[in-house]
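A.B. asks: Use these hints to put chain B onto chain A, whose structure you have.
Take a look at the letters that make up each chain.
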Amino acid sequence: MADTSRQNTSWQQAFRPTTRRLVQLYSALLHNAYLKGFISGEIYKGNAKYTCVPGFNCYSCPGAVGACPLGSLQNALASTGHRAGWYVIGILLLFGVTLGRTICGWLCPLGLIQELLHKIPTPKIRKSSITRILSWLKYVILAVFVIAIPLWYGLSQNLPLPAFCKYICPAGTFEGAVGHLANPANASMYSMLGILFTRKWVIMLVIGLACIFCYRSFCRFICPLGAIYGLFNRFNIIGVKVDTERCNHCGACVRHCEMDVKCVGDHECINCGKCMDVCKQEAISIKAGSITLKEPLYVKGSRHKGANHSEKSTRSGSMDADLKQTSRRSRIIWGIALAVLCAALLWFNVLDPSVNRSDHSMKTSDSSTGGKDSALIPAEHESETESGSTEIKTGSETESGYTESGTEPGYVVSETDMGNTSSYETEPETELKAETESESAMESKPATESESAMESKSAMESEKQSADITESMAPVGHEVGNQLADFTLTCYDGSKFHLAETRGKVTIINLWATYCTPCIKELPYFNDLYLEYKDDLAMLIVHPSLVTDDPEEFLADKGYKMPFATDTDEDTLNKIVGGTGTLPQTIVLNKKGEVTYNKIGSVTPQLLEALYHDALSEHD
Amino acid sequence: MFLLFIAHETGTRSMTKKKTFMILQTIVCILLTLMLSLSAVRLYREGTARKAQNPLESIYTPENVADALAPAVPLFLIFAGLQIAGLVLGVKNEDSEQPARGSRIRCEQTALKRPALLQAVIVVVAVILIIAGISNGGARDVLVKAVTICSECIGLG
Chain A
1 MADTSRQNTS WQQAFRPTTR RLVQLYSALL HNAYLKGFIS GEIYKGNAKY
51 TCVPGFNCYS CPGAVGACPL GSLQNALAST GHRAGWYVIG ILLLFGVTLG
101 RTICGWLCPL GLIQELLHKI PTPKIRKSSI TRILSWLKYV ILAVFVIAIP
151 LWYGLSQNLP LPAFCKYICP AGTFEGAVGH LANPANASMY SMLGILFTRK
201 WVIMLVIGLA CIFCYRSFCR FICPLGAIYG LFNRFNIIGV KVDTERCNHC
251 GACVRHCEMD VKCVGDHECI NCGKCMDVCK QEAISIKAGS ITLKEPLYVK
301 GSRHKGANHS EKSTRSGSMD ADLKQTSRRS RIIWGIALAV LCAALLWFNV
351 LDPSVNRSDH SMKTSDSSTG GKDSALIPAE HESETESGST EIKTGSETES
401 GYTESGTEPG YVVSETDMGN TSSYETEPET ELKAETESES AMESKPATES
451 ESAMESKSAM ESEKQSADIT ESMAPVGHEV GNQLADFTLT CYDGSKFHLA
501 ETRGKVTIIN LWATYCTPCI KELPYFNDLY LEYKDDLAML IVHPSLVTDD
551 PEEFLADKGY KMPFATDTDE DTLNKIVGGT GTLPQTIVLN KKGEVTYNKI
601 GSVTPQLLEA LYHDALSEHD
Chain B
1 MFLLFIAHET GTRSMTKKKT FMILQTIVCI LLTLMLSLSA VRLYREGTAR
51 KAQNPLESIY TPENVADALA PAVPLFLIFA GLQIAGLVLG VKNEDSEQPA
101 RGSRIRCEQT ALKRPALLQA VIVVVAVILI IAGISNGGAR DVLVKAVTIC
151 SECIGLG
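Here the protein sequences come in this chain order: A and B. Here the first sequence is numbered in the numbering used here, starting from 1 and rising by one per residue. Here the second sequence is numbered in the numbering used here, starting from 1 and rising by one per residue.
If we strip away everything but chain A, and leave its shape as in the complex, we get:
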C-alpha cells in the first residue's frame, strides 16, 4: 500500500502540470476564444481583430480572436508604398519591451504544441554547437521572408506577398488550413488545394517530427517572431533576471537549459524559469521590473552547511508561512484569470455586437470608396425596408432577400417583358420571328377565325421559343444550376452593369481585393479572356466593401478592359453569390443566367477558357 502510494505520488509528480503549463493552456484558449468558429467553419470577424495577439497564432484559424503579429508585419511591410506600418511596429515594440521572449516561454500557443510534442517518449537530440549555429537561421528567415520579400514585392510590384506565411508557416497550415478543411461546411475549399498546400503540408509534418526529437525546433531554428522578441530579451520588463552579486558563474543554468543559451536572459532564453530550480545560489528569479513574480524553490535551509538546528527550524517555519501566503495569492490570481477567461468566451461567442453585425454586413467606419457610387438595384423588384436601405425582393421574401432554391423562381416573365424581349434576342431568333411574320403576311388564303387563331398561336410559340433561350425557370440561388438573382452595380467608369441585360451571353463574375495576392495575379487572365470573347461574354470584377487601398487608384495604370465595381456597404452581391469572405471567388453563368461554376480559389487561363466554353456549350 505504501509502495503504491509512493508510486502514485511519483507518477503524479511526474505528470502534474506546472504553473507554466497551465498558463500556456490558458493563453492558447484565450488566443482562440472564438469556439463557435470551430463548429461553423467561419473565422471571427469582430473588432478584436484590430489588435495583434502576442503569440504565434494564425489569424485564419477558426477560433482566433486577434491578428497574428507576424502576418500583420509582413502585410504592413508590403503596403509600405502606400502607408507606413507604424501600428504593427509599435505593437511589436510594446510586446518586446514588456515581455520579450517571455511570450515564447509562457504565452505562445505554438510553443505549447511544440513542448507537448516533445513529451512523446523518444530518444532526444541534445543541444550542441550545431544547434547553436542553427539557431541563427531564424534571423536569416526574418530578414529574407518576413522583411525583404514583402518589402520588395510591395514596393516594386504593388503585390502583397507575406512570404513567410505563404511558403513556411506551419501554424497557418495546421490552424488555418487543417482547421478549415476538417469542417464539413468548408468542403468547397478542397478545390483550392494545389502545390502550395502540398508543400506546406510536408513542411508542417517535418517540423512536427523535428519537435518530437529536438526541443522546440521551430522556436529555436525557424520562428521569426522569436527572433524579433529575442532582440529585446536583455532589457524586457517581465522576464528571468539574474542577481549578478549572487551568481558564481557555475554554469548550471546554461547546462540544464534546453534552449541554445550562452547565459540566462540572452536572445535565446525563453524565460521559462526552469533554471531557477537548478541554481544553488538562488540567483535567478522571474521579475516584473523590481517586483519578484516567482522565486526559486530551492530549499536552502535543509542543505545549508553549518546551520544549527534552531536556525534551520526557524527558516523552515518562515518558509512555510511564505508558502501559505504564496499559495493563497496564487489562488486569488487564478480565480481572477478564470473569471476573465469565462468573460472572454462569453463575449466572443455570444455577446460581441461586431460579430453579429459582421454576419450580415461588413460595414466600415471610414470607407472612402467602397460602394459610394455603386447601388445594388434589383430589376423590377426594388423595395425599401423600414430602415430605408434597398432590399432585393423576389417572389418570396427571405432574410437575405432572394428566393431560396426549390421555391418559385425570382425572374418572372411578364407580358411587358415578353414585349421587350427584343433586347435579349440573338440574330437567329430575330430572323425566325421575321420569317414567321413574313410567311403569314404572304398567305393569300382568306383568314378564317381558326386560321387566325392558329397563326397567333404559332407567333406566340415562336416568341416563347426565343424567350426560352435566354429565360430560365430554375430557382434563384447561387448553387450550380440555380439562377443568380438580378442586380445592378455601377462600375468605376460610370456605366451600369445590369445582370438581366447579360442574358444571351456567358457571364463571369469575379470577387477580388487589392490585399489579395492570388486575386491580383489572375486579373490578367480575365482580361485576356474578356478581350478574346467580348461579343459573347459579359464580365464583372467586384471588390468587397472592405477597402484598404483605393481599388480605382490601384487599377489606374493596369490597363484592364473589363468592368470593375465595388460591392455595396452591405456586401449585397457577396451574399447573392454565396460569398464566404475567402478570395478570390469566380462565378460563371450561362446564357440563361444559370450558375455553371461557383468556387473560391485561383483560376488558370486554361481553366477560365474551359469554364467559358462549358457555359457556352451548356446551352448550344
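Keep in mind that the hints were calculated from the coordinates and are not lab data. There may be inaccurate statements among the hints.
Said to hold, decoys possible - Covered stretches of chain A, as calculated for chain B (at least 3 residues, CB under 8 Å):
id	region
1	204 to 212
2	516 to 522
3	598 to 606
Said to hold, decoys possible - List time: in silico DMTMM-like cross-link candidates among lysine to aspartate or glutamate, alpha-carbon distance up to 20 Å:
id	chain 1	residue 1	chain 2	residue 2
4	A	K599	B	E57
5	A	K287	A	D352
6	B	K92	A	D536
7	A	K599	B	E63
Glycine included, C-beta positions come from ideal geometry on N, C-alpha and C.
C.D. replies: Relative to the frame of chain A, chain B by itself:
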C-alpha cells in the same frame, strides 16, 4: 551480491523495455510522417495529371483525401495507443532533464546599465507609433487582413 545482481538485471531489463518502447515510438512517428507526406505528394501528382486532361477537375477532393488518409488511421491508432500506454506506465525520457555534456559552458552574466530608462523610452516610442498607425489607417489594414481568409497564407493554393 546475488541481490545486487538481481537489482542490476531488473534495472537493465526495465531500461531495455523503456528503450524498446521509445524506439517503437520513434518508428511509429517517422512512419506516420512519411505516410502522410507521401500520400499528399501522390494525391497532388495524380490530381495534376487528371487536371491536365480536364481543367475543371480538382486536384484534391474530400473523397480522395479520405481515401489517402485511411491507411494512416491504423498507424495513428497505434501511435495513440502507445501514448496512452506511456502515460499509464509513466514512461519518460529523463535524458532531457540531465545537464548538457560537452557544450561550451561560458556563463558571462552581465547586467545592462540603466535598463529602466531604455524601457521607458521604448514604451513611449511604441505608444506613439501605435497612435500614428491608428491615425494613418494601419490598424484598419490589420483588421481587413485578419477578417479575410488569406487563402495563400494558409496554404490553400
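A.B. asks: If a hint holds in the structure, say so; if it does not, say that too.
C.D. replies: Each hint tested on the structure:
Under a criterion of three residues with beta carbons nearer than 8 Å to beta carbons of chain B, the stated coverage of the region 204 to 212 of chain A is upheld, 5 such residues being counted. By the rule of at least three residues with a Cβ nearer than 8 Å to a Cβ of chain B, the coverage given for the region 516 to 522 of chain A holds, with 3 such residues. Given as covered by chain B, the region 598 to 606 of chain A passes the check, having 5 residues with a CB less than 8 Å from a CB of that chain where 3 are the minimum. Pair hint A/K599 plus B/E57 holds up; C-alpha atoms about 12 Å apart against a cutoff of 20 Å.
Among the hinted pairs, A/K287 with A/D352 is inconsistent with the structure: their alpha-carbon atoms are about 35 Å apart, more than 20 Å. Simply put, B/K92 and A/D536 have alpha-carbon atoms about 70 Å apart, too far for the 20 Å limit, and the pair is violated. Between A/K599 and B/E63 the alpha-carbon distance is near 18 Å, which keeps this suggested pair within the 20 Å criterion.
Going down the numbered hints, you'll see the structure goes against 5, 6, while the others check out.
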